[in-house]
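*Asks:* Listed in order, the protein sequences are those of chains A and B. Just so we're aligned: the first sequence equals residues 10 to 422 in our numbering. Just so we're aligned: the second sequence equals residues 10 to 422 in our numbering.
These aren't lab readings, by the way, just hints derived from the structure by calculation. A portion of the hints provided could be inaccurate.
Stated by the list, open to error - Here are the computed lysine-lysine pairs in the DSS-like style, where the Cα-Cα straight-line distance is at most 30 Å:
no.: 1; chain 1: A; residue 1: Lys400; chain 2: B; residue 2: Lys272
no.: 2; chain 1: A; residue 1: Lys59; chain 2: B; residue 2: Lys59
no.: 3; chain 1: A; residue 1: Lys180; chain 2: A; residue 2: Lys59
no.: 4; chain 1: B; residue 1: Lys180; chain 2: B; residue 2: Lys153
no.: 5; chain 1: A; residue 1: Lys400; chain 2: B; residue 2: Lys109
no.: 6; chain 1: B; residue 1: Lys109; chain 2: A; residue 2: Lys391
no.: 7; chain 1: B; residue 1: Lys372; chain 2: A; residue 2: Lys272
no.: 8; chain 1: B; residue 1: Lys272; chain 2: B; residue 2: Lys391
no.: 9; chain 1: B; residue 1: Lys117; chain 2: A; residue 2: Lys249
no.: 10; chain 1: B; residue 1: Lys117; chain 2: A; residue 2: Lys372
no.: 11; chain 1: A; residue 1: Lys59; chain 2: B; residue 2: Lys153
no.: 12; chain 1: B; residue 1: Lys117; chain 2: A; residue 2: Lys400
no.: 13; chain 1: B; residue 1: Lys109; chain 2: A; residue 2: Lys372
no.: 14; chain 1: B; residue 1: Lys272; chain 2: A; residue 2: Lys372
no.: 15; chain 1: A; residue 1: Lys372; chain 2: A; residue 2: Lys391
no.: 16; chain 1: B; residue 1: Lys400; chain 2: A; residue 2: Lys272
no.: 17; chain 1: B; residue 1: Lys400; chain 2: A; residue 2: Lys400
no.: 18; chain 1: A; residue 1: Lys153; chain 2: B; residue 2: Lys59
no.: 19; chain 1: B; residue 1: Lys150; chain 2: B; residue 2: Lys180
Remember, predicted model here, so these are calculated numbers, not experimental data.
Number of protein chains: 2
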Amino acid sequence: MRAEIISVGTELLLGEIIDTNAAFLSQELAALGIELYHRTTVGDNEQRLKQALIEALARADLVVTSGGLGPTADDLTKETVAAVLGLPLVLDRPSLLWIKEYFARMNKEMTVNNQKQAMIPAGGEALPNANGTAPGVLICKGEKVVVCLPGPPRELIPMFRSYVLPYLRTKSRGVIHSRVLRLCGVGESELVEEIADLLTDQTNPTLAPLASEGELRLRITARAQSEREAEALIGELEAKLRARLGHWIYGTDDDTLEAVVVKLLRTRGETLAVAESCTGGLLANRITDVPGASAVLERGLVTYSNRAKEELLQVPAAVIVAHGAVSGEVARYMAEGVRMSAGTDWGIGITGIAGPGGGSREKPVGLVYYALVGPGVNLVQKVHWSGDRVKIKRRTTQAVLDLLRRTLLATEA
Amino acid sequence: MRAEIISVGTELLLGEIIDTNAAFLSQELAALGIELYHRTTVGDNEQRLKQALIEALARADLVVTSGGLGPTADDLTKETVAAVLGLPLVLDRPSLLWIKEYFARMNKEMTVNNQKQAMIPAGGEALPNANGTAPGVLICKGEKVVVCLPGPPRELIPMFRSYVLPYLRTKSRGVIHSRVLRLCGVGESELVEEIADLLTDQTNPTLAPLASEGELRLRITARAQSEREAEALIGELEAKLRARLGHWIYGTDDDTLEAVVVKLLRTRGETLAVAESCTGGLLANRITDVPGASAVLERGLVTYSNRAKEELLQVPAAVIVAHGAVSGEVARYMAEGVRMSAGTDWGIGITGIAGPGGGSREKPVGLVYYALVGPGVNLVQKVHWSGDRVKIKRRTTQAVLDLLRRTLLATEA
Numbered sequence: 010m011r012a013e014i015i016s017v018g019t020e021l022l023l024g025e026i027i028d029t030n031a032a033f034l035s036q037e038l039a040a041l042g043i044e045l046y047h048r049t050t051v052g053d054n055e056q057r058l059k060q061a062l063i064e065a066l067a068r069a070d071l072v073v074t075s076g077g078l079g080p081t082a083d084d085l086t087k088e089t090v091a092a093v094l095g096l097p098l099v100l101d102r103p104s105l106l107w108i109k110e111y112f113a114r115m116n117k118e119m120t121v122n123n124q125k126q127a128m129i130p131a132g133g134e135a136l137p138n139a140n141g142t143a144p145g146v147l148i149c150k151g152e153k154v155v156v157c158l159p160g161p162p163r164e165l166i167p168m169f170r171s172y173v174l175p176y177l178r179t180k181s182r183g184v185i186h187s188r189v190l191r192l193c194g195v196g197e198s199e200l201v202e203e204i205a206d207l208l209t210d211q212t213n214p215t216l217a218p219l220a221s222e223g224e225l226r227l228r229i230t231a232r233a234q235s236e237r238e239a240e241a242l243i244g245e246l247e248a249k250l251r252a253r254l255g256h257w258i259y260g261t262d263d264d265t266l267e268a269v270v271v272k273l274l275r276t277r278g279e280t281l282a283v284a285e286s287c288t289g290g291l292l293a294n295r296i297t298d299v300p301g302a303s304a305v306l307e308r309g310l311v312t313y314s315n316r317a318k319e320e321l322l323q324v325p326a327a328v329i330v331a332h333g334a335v336s337g338e339v340a341r342y343m344a345e346g347v348r349m350s351a352g353t354d355w356g357i358g359i360t361g362i363a364g365p366g367g368g369s370r371e372k373p374v375g376l377v378y379y380a381l382v383g384p385g386v387n388l389v390q391k392v393h394w395s396g397d398r399v400k401i402k403r404r405t406t407q408a409v410l411d412l413l414r415r416t417l418l419a420t421e422a
Numbered sequence: 010m011r012a013e014i015i016s017v018g019t020e021l022l023l024g025e026i027i028d029t030n031a032a033f034l035s036q037e038l039a040a041l042g043i044e045l046y047h048r049t050t051v052g053d054n055e056q057r058l059k060q061a062l063i064e065a066l067a068r069a070d071l072v073v074t075s076g077g078l079g080p081t082a083d084d085l086t087k088e089t090v091a092a093v094l095g096l097p098l099v100l101d102r103p104s105l106l107w108i109k110e111y112f113a114r115m116n117k118e119m120t121v122n123n124q125k126q127a128m129i130p131a132g133g134e135a136l137p138n139a140n141g142t143a144p145g146v147l148i149c150k151g152e153k154v155v156v157c158l159p160g161p162p163r164e165l166i167p168m169f170r171s172y173v174l175p176y177l178r179t180k181s182r183g184v185i186h187s188r189v190l191r192l193c194g195v196g197e198s199e200l201v202e203e204i205a206d207l208l209t210d211q212t213n214p215t216l217a218p219l220a221s222e223g224e225l226r227l228r229i230t231a232r233a234q235s236e237r238e239a240e241a242l243i244g245e246l247e248a249k250l251r252a253r254l255g256h257w258i259y260g261t262d263d264d265t266l267e268a269v270v271v272k273l274l275r276t277r278g279e280t281l282a283v284a285e286s287c288t289g290g291l292l293a294n295r296i297t298d299v300p301g302a303s304a305v306l307e308r309g310l311v312t313y314s315n316r317a318k319e320e321l322l323q324v325p326a327a328v329i330v331a332h333g334a335v336s337g338e339v340a341r342y343m344a345e346g347v348r349m350s351a352g353t354d355w356g357i358g359i360t361g362i363a364g365p366g367g368g369s370r371e372k373p374v375g376l377v378y379y380a381l382v383g384p385g386v387n388l389v390q391k392v393h394w395s396g397d398r399v400k401i402k403r404r405t406t407q408a409v410l411d412l413l414r415r416t417l418l419a420t421e422a
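Using the sequences plus the hints, can you model the full thing?
*Replies:* Rendered as structure tokens:
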């Protein structure tokens, strides 16, 4: 089965709303094994919506629209779908009753406009809206299926799950499953070279590399007759990838690097304290985004000033004078100082120049030193990032979390 | 001028990524007075991308693509645009040099794949990518203009602003200017009621409310023959809005609450120290995202454990026992403790339950106390947020920054 999505709404074309519905519907269709090759967005304009519907129906078996079911004259999705399919609009009495009850419950006057919302293309099935007045509609004509859903995500999502999903499940043959492997510490081109043969050879499962901030993802997608078969196909390719890339893979699907690190530390019953200068609290913030982080992170110190480094971390003033606040020596003292004062198993120290000011020829913007100390571990690393302040902060925390992860995996608790 | 946007990427059609670029580009085009009637999304498929380009070029003068500029064989936007326009691909030497330097700076090996990124359609103008390897490209052929931008928003947005926007400004007749007023501390429905008359009456300038995490924006957009005229129209409506909503407006356009607070403190020559429990470093992180924050933030302490609260902030153990770590008393001790130890003008203390665990009947998830102390100021506030851990952290820091901003405005330096 092949589908298209048409998002309807001038507010989308003005950029006032981000179209999260399109992503939601795309995910759901992919999970059902329904192919999606096009998505289109048009405004509240009859002629352009009509044209988009005609094109989509020519290419696909299923067309899902979102938006344009409201009570105003602007809202013309059902009217246009009816016209394209050559069907009259008829009153759906259960929908009218529902809308009347909705207004009664809200203690509001129902307007004549709202009656329009109870009109649906003849032969269509009205889809109740648990969170609003506009019913959706599902229309089968010949080999084609058109589903019209309301625009607000809190109306669209439950309506899709309650009525459209069960219908589509009966229609689609086979399933599509996918798994995402998350990697850190490797660039996209290096990764692609490493698995060039697998990238070109694969048709089922398919393999796609995706780059994002400071990390890479590899998506494995399999089509099969059953879930079990799809999982087996994914498992086979995943094993090959892990054999080659295992040292870079930190997790799967929705894992985050911080969640993986918190989990490792919790499993080992170990604790962590961090001292940050240039990352300014981002490392502590990422760690504390993870539920249960309080069992792991004893404290985090943002020691921007030299005075704070000296007072809170016992970094000797002489070391700062001799090597500068941005130096491997100071990073190490910071890690040791915070570990000592917090009495934790692990300590991290970070110092660098996030910019845009503060750089020099010897110590340019983007230069960062970070240190990790723990049982039998005493590491200092130097990096030089490009990018702006926010990117330098983000990349540094990514590198630090990955160093901690690798170190934990390489040492025994 | 009429434009279309084509978003390219199989990951979009699988719903793995929400297409925020499309909304960003739509907003920017609207602000330039460029009409946008269609947006299309296709996967990494040459045939379908080609078809989409042909259709878009038939309907519009300007086609903007996002995505598909990466180093892999999947990435074929430039190749397909070149084919559709009947142009050969040629090597752009400055881009190649930039990519080489990029890899040298990162201390990484440049692969053959990355050379492909320096190829652009003949006659096109390469657009430098400040945050990645893939240059964009702007191609004029006859009456048509095609702009190809990279997929990652961190690369697309600055590239659009630096190179595409100035070009399009020279192209569009008349001007459209807009200004965004940023508000904090008010809900959307309250705001809409307050300015209901202005929202319905306006045609030029138009007025649109936009909601996002913990804040609201009001966008004023004016069309005129000259910048000066547009600015005058905006200024008139802005004055009306400020008269009614001034106490909620913290900034305009790209201002952030943290940048406004840092600027206020810098102007006054005052310093700040923060002690965070449930926000786990997010407040310090937001403040240190602002260039120049080091002149303002002396230190930030993430005191997750009671021990850290006692040792670093001198919160008496008896107070924690008597009132609990999540209490107004502890928030106040934290603010005073960090202010005292750092010797700053202002101190902030935050304690609460970010969840998902740790809540109780008396102290449910989402309960947060925060304190602000400074010259003649000693405030403690209690809030109870709904939402998940990340949302609770975000909303708390938003409320704290707004309290500091209002307090600074209400007191003399």
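*Asks:* For a quick check of understanding: which of the numbered hints are violated here, in increasing order?
*Replies:* none
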